[in-house]
Each structure stands twice: as structure tokens, then as C-alpha cells.
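Undergrad: Dock the two chains into a complex; use the hints.
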Amino acid sequence: MEEAISAHRVTKNFGRTAALRNVSFSIPRGAVYALVGENGAGKTTLIKLMMNILSPTAGQITVLGTNSHDLIGKSFVRIGYVSENQEFADWTTVGGMLNYFRGFYPQWDRDLERRLIRQFDLPLKRKLKHLSRGVRMKAAFVSSLAYRPDAIVLDEPLSGLDPFVRDELVQALRDEARESTIFLSSHDLAEIEAFATHVGFLEQGRMIFSEGMSILMERFREVSVTLAEPLAQNWTPPTHWLNPELSPQQLRFIHKDHRANISEEQVRALLPTATAIRIEPMRLRSIFLAMAKAAKANRLELEVDPSQEGAAA
Amino acid sequence: MNQILHIFAKDVRRFWPEILISLGITAAFVWAYPVNWASVSRINFSYADTRRLEIVANVLTGLVPASWWLLITRVIHAESLVGDRQFWITRPYEWPKLLAAKALFIAAFIYLPFTVAQWALLIQAGFPPFNYLPGLLFNLLFATATVVVPLVAISAVTRNFVRMTLTLLAILLGIVAVAILSDFAESSPVGTPYGDVYSFPLVLIVGISAVVLQYARRKVWLTRALIASALVCIAIAAIVLPTQGMVDAAFPPPAGLPDINLHLSLDQEERKVSVSNSEKKNQVDVGIPLIAEGVPPQHMVEINDVKASIDGPGGLHWTSPWHIVYNRRFMLGAWTSTVEFTMPKRIYEQFGSAPVTLKLTLATTETRAGKATRMPLSSQAFSVPDFGVCPANAYWATSAVSPEMTCRVAFNQPRLTYVTASESTEPCKIALAQPQQTETVGTWVGSLDPGLAEFGITSVWTTSVNLAGEVSYPNRRHHVCPDASLTFTQYELVRRTQSDMTIPTITLPKLKTAAETILLRE
Chain A
1 MEEAISAHRV TKNFGRTAAL RNVSFSIPRG AVYALVGENG AGKTTLIKLM MNILSPTAGQ
61 ITVLGTNSHD LIGKSFVRIG YVSENQEFAD WTTVGGMLNY FRGFYPQWDR DLERRLIRQF
121 DLPLKRKLKH LSRGVRMKAA FVSSLAYRPD AIVLDEPLSG LDPFVRDELV QALRDEARES
181 TIFLSSHDLA EIEAFATHVG FLEQGRMIFS EGMSILMERF REVSVTLAEP LAQNWTPPTH
241 WLNPELSPQQ LRFIHKDHRA NISEEQVRAL LPTATAIRIE PMRLRSIFLA MAKAAKANRL
301 ELEVDPSQEG AAA
Chain B
314 MNQILHIFAK DVRRFWPEIL ISLGITAAFV WAYPVNWASV SRINFSYADT RRLEIVANVL
374 TGLVPASWWL LITRVIHAES LVGDRQFWIT RPYEWPKLLA AKALFIAAFI YLPFTVAQWA
434 LLIQAGFPPF NYLPGLLFNL LFATATVVVP LVAISAVTRN FVRMTLTLLA ILLGIVAVAI
494 LSDFAESSPV GTPYGDVYSF PLVLIVGISA VVLQYARRKV WLTRALIASA LVCIAIAAIV
554 LPTQGMVDAA FPPPAGLPDI NLHLSLDQEE RKVSVSNSEK KNQVDVGIPL IAEGVPPQHM
614 VEINDVKASI DGPGGLHWTS PWHIVYNRRF MLGAWTSTVE FTMPKRIYEQ FGSAPVTLKL
674 TLATTETRAG KATRMPLSSQ AFSVPDFGVC PANAYWATSA VSPEMTCRVA FNQPRLTYVT
734 ASESTEPCKI ALAQPQQTET VGTWVGSLDP GLAEFGITSV WTTSVNLAGE VSYPNRRHHV
794 CPDASLTFTQ YELVRRTQSD MTIPTITLPK LKTAAETILL RE
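Read top to bottom, the protein sequences are chains A and B.
Okay, so the first sequence: first residue is 1 according to my numbering, each after it adds one.
Okay, so the second sequence: first residue is 314 according to my numbering, each after it adds one.
One chain only, chain B, in its complex shape (with noise of 0.2 angstroms):
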């Protein structure tokens, strides 16, 4: 122990410039950030100066992990373990005090304000801290995985800050070619409820590995092949997403059960089969237009994605990788919608103006309603339970033309939440004055899955409700005015499986040439 503390002491006594640098920026980012949410106003600031503090606090948000980068770094190469000219390696250094009092450091001086900052920013944004110690912990968890270990790692297989930034610039540029690379790939990003579930562990293990290894061993190269190939397999699956296998393990087929309580059929009436040319080089966004009903009172089911199948005449056939779509939520009614999926451009030509059968297979979520909260729209800030503190915009009482909240949530996303709201037809003065005729008018936030935490330097996020909603309005104007009736209703799943749509026969739209689309626009 006295070893540990021994180098912590002199860590502290070296280091304390950047220390003091990262605590400052900590602080800044602190005072600065709650300028993101709508009620917080600082007294005597105008507009101008909120909109710069913004930037300050945008700013801050990417300065705060920054700050780490420098400490953690110049921290690791005080006793660079690469090398053989360092003058600890022939003291009587023990490996595992040393580790240990780099780690005591980096709780200090990054966990240790990073933990106080989320605590402070969750009281200025009127959460009760207590109750989001799991929350806080998981995000303590994440900012480990991915950008503390690695960043460690990284210190641990590199001489200086020169060669430490170098390598992580590396990096960064193997993220983006992987990124790019992916684009070229037959595999499209799909939507499950798990996400990459692989690259976090891996991550962690690797590193805290990695890490152990050099300080035990000081067997650089072996360290940098380790971490390498960790990566090398990170982008190999990122390029080659086993998508089929992830969607059939979120989404299993029906396999007996009874089918989805959804019913797609093709929208005919006023809408046709739309094609257009991708932001994906040699491919067409194909769009299905679709009259969604069936789905029983209280409950809404979502597709989440899309995998489509075309048989054309003399054997043609050609079938899509799954696709993710996005808000694509049916309730009790009969709903229009579009599903889109994207195919090459030389196979869509090859089916012609000739009738084909097209199969689509959709993954989709059933969820049905649970808990919900009513409350009156206030003028003041107000807390839904389980969903998060809600301020109402200080316009709202005489110009509510967009009603939108921006409400304020702890750690994650809330939960999926249906939030309504009775709606007037005049505008809010007449309407106060007067009381009118009400609709009800809602929006889909939060998600099903929000998980404990969502990395982030900010304990505090913002979620937009938008009671315009999803739906449009054409020729009518909403106002949402005070004391107007609220309900968050939050969902619950029911199940997720696969459900098919066949339409036996359908004509593809030819394909418009640059020169027609450009006409068209004109």
C-alpha cells in the first residue's frame, strides 16, 4: 500500500498542472451544460449569450473526455513500459502497486470528478440522485469500456503523447475505412433490440488483458498484437454483420404461435410503388406503399425491419439483405405508410415493366399499453414518474403553433411512452378565453429497451415531445395551451417475431434517368 500511495504522491506532485487543467474543464462543463435544457435560464443572459454558452458547453462536452486523454496518458508514460531505458525498470517497482497506483490516480482525478459532475447535474436537472445509482454505475461502466481501458491500453504499448496520439489518430482512421468499407458490403445495419452486443465486452476484456500483460510482462509486441487483433475482429464483424442471425434471434420467427396482430396490404388507391435512385452507389430505394389495420385498442405494433423478395418471370429471382426502418408504428385504425428497402440497380432492371410476386418479410414488435400518467400542462417545470422533468416552453401560453417539450431525462431514453395531449383548435388566447372544441393529438418517445445507461459525459440528456406528431396535418395549425390535459402512457412488449407479406403480383415503375428526375423537379 505504501508503495501504491508512494507513486500516487509523486503522480499528483508531477501531474498537477493537467490535473488542475481536466478539474477546471470538469467544472466549466458543469456550470455550462444545463444551458441545454429549456427552463434553466442564467440570470441576465441574453439570447445571444445562451446560444454562445451552447457552443461552450458543446464544446466542454468534448473537451471533458479530452482532459482524460491527456491525463491518462502523460500518467501511464510516467513509467513508460516500452522501452529499456526507463529508470524504474531496475528499481524495485512491483508490477501490481504500480497498476494499482496508476488506477488509484485515474480514480481520483477522472472517476472520482466524473462521478461528482453526472451527481451535480442530475440535482441541477431535478433528479433525485439516489435513485439512479445503477444508472450512474453502468455509466461509470461504459465510459471504462470505452474510453478509459482503451485509452490505458493504448498508453500502455506506446513510448510518448506523440506515439500515443499517433496511434489513436491510427485508429480513428481505421474506424472511418471500416465505416466506409461496410458501405461496400452486401450486409445493411439492422435494428435489434440488442445492438452490438459483442464489441463492449470484447473491448473491456481485451484491454484490462492487454493492460495486466504489459505491466506483468513488458512484452510490448505481444501487447500490440493482442490489442490488434481485437480490432482486426471488431472490424471484420462491423464489415460482415451476421445480420440474418441477429435479426432471427431478436425477432424469431412465428414458428406456431399465432400471427402478429397486424394486417399489411398494398396501398393502391392513392399511392404507387415509387422508385428512386440510393445515396448507395448502383442502387434503388424501391418504396411499398401500405394500409397497415388490425391492430386491437391499446396496444401498437412496429416494424422494425424489412427484408424484401421478388420473383420476376423465367426464374428471376433476387432477395434483400434485412434493412432497418424507422418509426413505423401502427395502433388501432387503419394507418398508410411506406416500406422501403434498397436493391442494385442492374438486378431492378432486369425485372422490367413485367409483373413480379414480391415477398416482403417484416420484423415487427407488438407492445401494449401500461401505466399512465395524467397531468395538466403547466407553465412550471413538472416531473412525470418514470419518465422525466418536463419544462414547458415560456412561449407556449400565447404562440403554441409547434408544441414541443423538451423534457429532460436521467441516463437514457425512457421507456417507450405514447404522450398525448388535448389539442385546440383555436389559438390559446381565444381558447383560454373561451373554452373550445378539444382533439387529442400524441407522440411516440423513449424506447423499449433504453437499458440502464446510455454513455455519455452528461448524466442529464433531453428528449424531444413533439406533439405535432408523427402525423401530418395538412392546413391546420395545433395549439397545445396551458392546463391542457396530458397522459404518458408507457408500453410494454408483448412479443417480437416475423411476419410475411406477399403480394402476388405487383409492377415495378421504370426507373427515371437524371435527366427525367431534373425535368420532373423543374
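With the rest of the complex left out, here is chain A (with noise of 0.2 angstroms):
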């Protein structure tokens, strides 16, 4: 399938910092792709790059065909973005904010801009200064889904608001943006778990997995293990069982490479003494935070495998 977003080993400093280090990833055209990670790991420096906001120390990123360092003026009439940390022109009105960005927009919508205005109930007449945070992030939207763009880049667009206004948001991306390939970080897992269809993981400006949602959620177990007896102390886990947690007969621990049917022989074969075993799907949440602590923990130095990059390809 052809890419809407990829990067390849970029690499951000500041100073002697490394913001993000060989980051590698793809996202097919159409994709829902979420970025997750803690605050610091290096997502808004990412999406900062993809924008041409910031340039990488090295590596690059390609948004629609485009070489992010030529993503300048006309490219942006086919991406969106919608930041937190944005400065809105807020001298301006709601209503004099969109009339004027709809003169950079040829393909600008006007019926779809006069729907989520109505959608949101958006005062047209109020200045963008007396805006709450919630009703501004809604005015955001709208200026950056009615030209229909074909990228849609949003940087923590849920984080602070109420629940009602992120329901709003999502739905609004989820009706009025169905062709666009949409990228988000967020911290709402929850409410990606069921918009996302590509997911990637950031974690100290490295990118622990980036694929499919639907094969995480198929990767991820959670094992809980009956022993006979317990292990010996030197007893030492594979490398794809994270965090495990070993009670004198009990062993749990988090499966990354889950395949039905094998995964249980696996375990059977490298724990004999096992009486019961119970493999349990996963949901977002617990992925991320048992890959969160599994990362440190050990600080993992996972590259993207090239095989899973594809699959979400």
C-alpha cells in the first residue's frame, strides 16, 4: 500500500540531548496512526520534523511524497495540523479566522466547514483569546479539516479536555476526515484503542514498535503460569516475556510475540513443571504501560523490526 507518512532513522539533537534517535517508521495512506509514548519521549519533536518545524541531525521524513525539509507554503494546502502548544491568531474572531484561512485553501469546503461549525456550535463572533481551551481546539479543527486535506497531523489534540469535547473531536475526525491519513499523538489511550488503526510507541526518543493494531492486539498476551515447583533461581526468562513476575509458584508475565497455539507449547516447553497456563488478550493501556516498564526496566535498545514495520505497511 502506498505511504502517507515515513521516516527513516531520524535522528534529533539539541545540543549534546537526543531528543529522538533512528527513528523508523511507515504508515499507509487512509491509516488512523497513533504515536504513544510518556511526556518527553519525543513526540511533539517528532511531529515538529514531520511539519519542517524543526530539521533532523539526521535521517528523514517523507509526508506525502515530500521530503519534510520542502514542506514549505504550497505543500500545506494538502496537510492539516492542529497542535496544542499552537499560537492561534487570537486578535481574530472564530468567524474571521476561518474566512481568512479559507483564502489559502482552493479546495476549501465550505458546506463542511458550515457543518462542523454547527457540529461544534462554534460562536462565530467571539474572539479567539475569549476562547475556553476546549472551543478553540474545536476551531482549530475546523480550520484544518474543511479544505479536506489529505494529511492530518495533530500533536496531543485530546489532552485537557473534557471527555464530551474529545468525543466530539474524535467523531468529527472519524466522519468528516474518512480519506485522510490521520497522525496523532496522544496520551488517551483509551479513546485511540478504538479509532487507531496503526499504532507506534516512543520511549525515550526511540521507537519501541510501530504496526497494525490489530496485530499488537493479536502480538500482546498476558501469561499466568501454574508451577508444580517453584524455578530455579537462575532461572532466566526469554527475551519476548516481559516483566516477569515469579511468586514461588506462580510466573506472569507479558507475551510480545504471541502466535495462538504456539505461544502456549512455547511456555509448556520452557517451564515442564507448568500445571495450569492462561493466555488473556490485552488492551491498549496495559501494552503500553508493560512495554513503558518494561523499557525501563532494562532500556530495551528495540529497533523497529523490519518485518513488523512491514506488516503495518
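No wet-lab data here; the hints were simulated from the structure.
Be aware that one or more of the hints could be misleading.
[As the list claims (entries may be wrong)] Within a straight-line C-alpha distance of at most 20 angstroms, the following computed DMTMM-like cross-link-like pairs (lysine to aspartate or glutamate) qualify:
1) K532(B) with E193(A)
2) K74(A) with D397(B)
3) K127(A) with E87(A)
4) K129(A) with E84(A)
5) K410(B) with E245(A)
6) K129(A) with D111(A)
7) K825(B) with E653(B)
8) K532(B) with D397(B)
9) K129(A) with E87(A)
10) K296(A) with E245(A)
11) K672(B) with D580(B)
12) K323(B) with E280(A)
13) K672(B) with E592(B)
14) K256(A) with E280(A)
15) K672(B) with E653(B)
16) K74(A) with E407(B)
17) K74(A) with D121(A)
18) K323(B) with E176(A)
It should be emphasised that the depicted structure is a prediction, and the values quoted were computed from it without experimental measurement.
TA: Here it is in C-alpha cells:
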């Protein structure tokens, strides 16, 4: 499938601090890609590199077939960008802002604009500086969706918003940006689990994984094993068993390469004294927490598996 | 083009209060400024009102560029080029169009009102504006290089109004520091016809490059470095001026040509060499009294700069840098004058009271009389071709004690002109009743190299024609009465060169102590 956005071994240093290290990923057209990671993981830096707000120290990013370094002027006719940190034209009204932006986009859809204004109940005559955070974000959404961009990049668009506003914004993306590729960074894992088709996990500037949501959900399992006798003291789990917790006759871990039928056989082969094995699917939130915990504990230097990258694409 | 107009229209909608303030200030300036011309009197304005209006006019002269500062800063920062959170950087702005929109705004609300104001002032002052289009354009170029481009460049590398203002203040403080430092430097100001020929194009080229670079790439630190390097270059040039080279370029040594038509000799009869503490720390000002003669009829020779060399006993030698000399102009006949130079007090004292040899190297300009215009002095304003408009003072008819005309000139000082007037020895009332013996008194006005324009918010300058002259006439009063004959003679350049004058034996006077100086004054 054709790529909408891709990154190849992208590194960004601020002085001696590495904000991103060898980050690679690929997003097919039409995908909804959720970038997750803790605060300071490098999500905003990556988005700024994608939007040519910053330049990479090494590597390259391609957005809609254009090297991000060349994303200026007319390129943004096809790209929408909304950020929680963006400075707005606060001096003008919502209507004034939309009027102004309309002049920049030949393909601006006036009907869609009106529909979104109604849906969000936007106060057109109120100045942006007098709006609440939620209403400002709604106005930003309208100004970035109304020209039906091919790619929409959203940096923490939902953070700090009440659930009602979050639902409204997600619904707008679902309904009105169906043909766009959406890239969003978020902490709201429950919201994106139901919405995203692909997910990437950034940890301390490294992309721990980047793949299709269904593959990811299929791949991770929480495994509980009851043992007939305690394990030997020098027993070490394989590397794809994350966060092992061992009580004398009970072992719990996260299997990050689960495959139906094979995983149980694997467990039985490695733990011959196992009397019961329970394998349960995981929510995105649990996967995210498990990966974060594992990365913190081991500072794993996992690169994106090219085969998984291909799967995501 | 659509995007340019779209951004321009947005800026106009957004900044209409600032635009109105700027236009209001410019309009008020055009209304008030002519008070500086003596003959333009306002109906029902008392003397006190006129003085107040003069103050207002002077304040407005400063407020006009201040309003430009406000407008430029606001409009550039509307799409700030510093930072990574501005809404516009991820919108389809094309940088050449954005820059063009800003240029259009500046043209519409700075250049156009400025041009109209200059036009209106020319008309008010009695100058036909179409005759002064080159000056008008040159003044716009000056405004671009000295105000507009620097303000745009600094706005382009600052995030907001406060930071822009602080940066501007820092640069102004830097200029003050350079001025102070240049006082300590070995070099002194010199007078050359070219002045500072490098700073103007440097500011223009670097400023425009910085603006284009910043709009095209938004490389803030690179652009800041470019601007800072230009400022450092100008500062270094100001502190370490290559004065010898500048004077040699402007006043080439004679190299085989006949000497200049000026003979200088030490005036030993009535005056003595003088020495006093200089305004500069640990320096003394030495004055050499001279007699100047040998200038042919219809010629004038001017000393522009001087350099002194002193050779004392025991091989003691000292040479000064070039010093500027003001108003040393000599015509036919014998003239007394003094040429001054500054030297370190320590070195002066080393020469002591022993006889020394003094060599003065003089940068001189020789001119000759050209076109002359004669006309009677009128009590009404009168226009002098190639000079300006000269209004007569209303009180001349009765009490012309110090006859002085404040003439209006367009864009610049006039070409170097010698103005003479027939002067009565009796007060005008008597002189008008019964014609008296008259003498001629004259004064110099203008510059040999006035250029097309001198940068100013106004297009009309005033120049004082003081017929009391530069030469003092003790115990005598001047009376230049109505209908006196005035002659305006323009002088043309013959050549600029250097000449030497050596005084084989001269004794430098003892420098008085501070106590002695006070005692003498008492």
C-alpha cells in the first residue's frame, strides 16, 4: 500500500541531548496512526520534524511524497496540523479566522465548514483569545478539516479536554476525515484504541514498536502460569517475555510475540512443571504500560522489526 | 498576487488603530512643521503659541519615525519568524508572497504618507515638487536604509514587541559605547567630501539579505549572526578609522602639479601660539596663528583637515593624526586665522620650551566663483534660483541689527554659495530717508558636495544666512536694509589637494596649570 508518511532513521539532537534516535516508521494512506509515549519521549519533536518546524540532525521524513525539509508554502494545502501548543491568531474572531484561512485553500469545502461549525456549536463572533481550550481546539479542527487535507497531523489534540469535547473531536475525525491519513499523538489510550488503525510507541527518543493495531493487539498477551514446583534460582525468561513476576509457584509475564497455539507450547517447553496456563488478551493501555515498564527496567534497545514495519505498511 | 492582497488586507484589518495613529502623527507633522520657517505665521498665533507649536513640531519630527517603528514591528510580528508555535508556519503561506505583503503594507502606510508629507511640505515652502523628484527618491532610499530595513531586519529576528524594543535599545547603547570608545581611539574625525561611504550600503545590503534569509529559511541564529557581524564591522570601522587613507583619497598629494593658490605664514606680530587643556583627557589643544594670502580674485581656498609634525631637540619627533578644521576659508587679500591640533599632554611637555620645527600638512580645497544671482532684499519672501526661498525678517525695516535670513532649501543644504549684501552704516530709518555710504558684507552658506538629499523626515530644511558674517567688526553695527543689493555667488570645485607649511623655529608656550588658568580668569 502507498505510504502517506514515513521516517527513515531519524535522529534529532538538541545540543548534546538526543531527543530522537534512529526513529523509523511507515504509515499507509488512509491509516489512523496513534503515536504514544510518556511525556518527554519525543512525540512533539517528531511531529515538528514531520511538519518542517524543526530539521532532523540525521535521517529523513517523507510526508505525502515530499521530504519534510521541503514542506513549505503550497505543500500545506494538502496537510492539516493542529497542536495543543500552537499559537492562534488570538486577535481575531472564530469567523474572522475561518474567513482568513479560507483564502489559502482552493479546495476549501464551505459546506463542510458550516456543518462542523454547527456540530461544534462554534461562536463565530467571539475572539479566539476569549475562548476556552476546548472551543479553541474545535475551531482549530474546523480550520484544519474544512479543506479536506490528505494528511492530518495532530499533536496531543485531546489532552486536557473534557470527555464530551474529546468525543466530539474524535467523532468529527471519524466522520469528516475518512479519506485522510491521520497521525496523532496522544495520552488518551482508551480513546485511540477504538479509533486508531496503527500505533507507534516512542520511549526516550526510540521507536519501540510501530505496527497495525490489530497485529499489536494480537501479538501481546498476558500469561499466568501455575507451577508444580518453584523455578530454579538462575532461571531466566526469554527476551520476549516482558516484566516476569515470580511468586514461588506462580509466574506472570507479558508475551510480546504471542501466536495462537504456539505460545502455549512454548511455555510448556520452557516450563515443564507448569500445571495451568492462562493466556489473556490485553488492552492498549496495558500493553503501553507493560512496554514502558519493560523499557524502563531494561532500557531495551529495540529497533523496529523490519518485518513488523512491513506488516504495518 | 491574491495571497499578497489577502495577507495585506488582514494586516490592514488588524492594525487599523496603529495605521490611524501613524497617519495622524504624519498629518499633524505636516501641519505643524512649517512653523520653523520664519515667514510662515499662523493666523491668530501669538509669539508664545508659535514657540509652543515649534516644540510640538519638533516632538512630531521624532514621533513620525517612532510610529514607523510601531507599525513595522507590529506588522512583521503578525507572522512572527521566530519560534515554532506560530499558526502560520504550517499553513500554505509562500514566503515571497508573505514578504511582498509586508512590503506592500510598508509602502502603503509608511512610504506613501511619507512621500505625500514631503510633497505637501515642498508646496508649503514654495518649491515645485516635480523639480525635486530625484531628491524625493533619494530621501526614500535613505529612509529605507537608515530606518525601514533595520527595523524590519530586527523585527524579523525577534519574537515580540518587547524583545524588539529591548534589542533596539541594546543597539543604541552599543552605538553610544562605540562613540565613547572612538573618543579614546587614536583617530580623530576628519572632514572629507565623501563622509562614511561604507556604512550606508552595508546596512542596506546586509539588512535586505537578513530579511530575505529569514523569510526564506527562518534560520534565526544565522540571521542574527549576519546582522551582528555587520554591526561589529561598522563599530570597528568607527573606532579604527583609516583616516590617513580617507584624507589621501579625498585630498591627493600634489604630485607634480603647481602648489595650491594659498600662502600661509606664522602670524608673529599680534598673536602667539596658544596651548590649553583639551576636552579630551590628557590632551592639549595647540593653536597656531596664521596669515593666509595669495588667493586669486574670484577664488576661495578652504582648509579642511590638518596634520602636525613636531621635531624637537635630541631627535624627539611627534606626528599627529588628521584633525578636522572648521570654517577656515580664505579669499583675495590677507586673512588672519588659527589652525588647531590636539596632542598628548605628556608629549607636549617633553618638548619643553626649546625651539622646535613644526610642519603642518593641510588638506585644502580650492574653489572659484561661478554663477551669480543679484536681487534686492525684499520684505516679502523671495526665491533664489538654485538656492532656495528666503523670507525677509519682518522686523528688518526698523531694527536690523544682526541681519540674518532663515532660508528654506529643499532636501539638502544648497551648493556652496557666497552671499553678499550692501550694508548701511546708519540705521535703516535714516538710511532709507537719505542714501548713505554702503559697504559689502558677505557670508558662506552650503556645501560643495551637497548630494541629492540629506535624510530627514522633512523635505524642507532651513539654512541660516547670517550677514553679520564670519568676520567680526568690533564697535560697528550692521544695517542691511530693505532694497539692499544681495548677491548669491555659487562656487565650484577647482581641486582638492594637500600642501605643507614648515615653521623652522618655533617655541611652544608653557602649559598653564589649572590654578594659573583660574587666576588668569579672575
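Undergrad: Please write out, lowest number first, the hints stated earlier that are contradicted by the structure.
TA: Numbers 1, 5, 6, 12, 13, 17, 18 - these are the hints that the structure violates, sorted from lowest upward.
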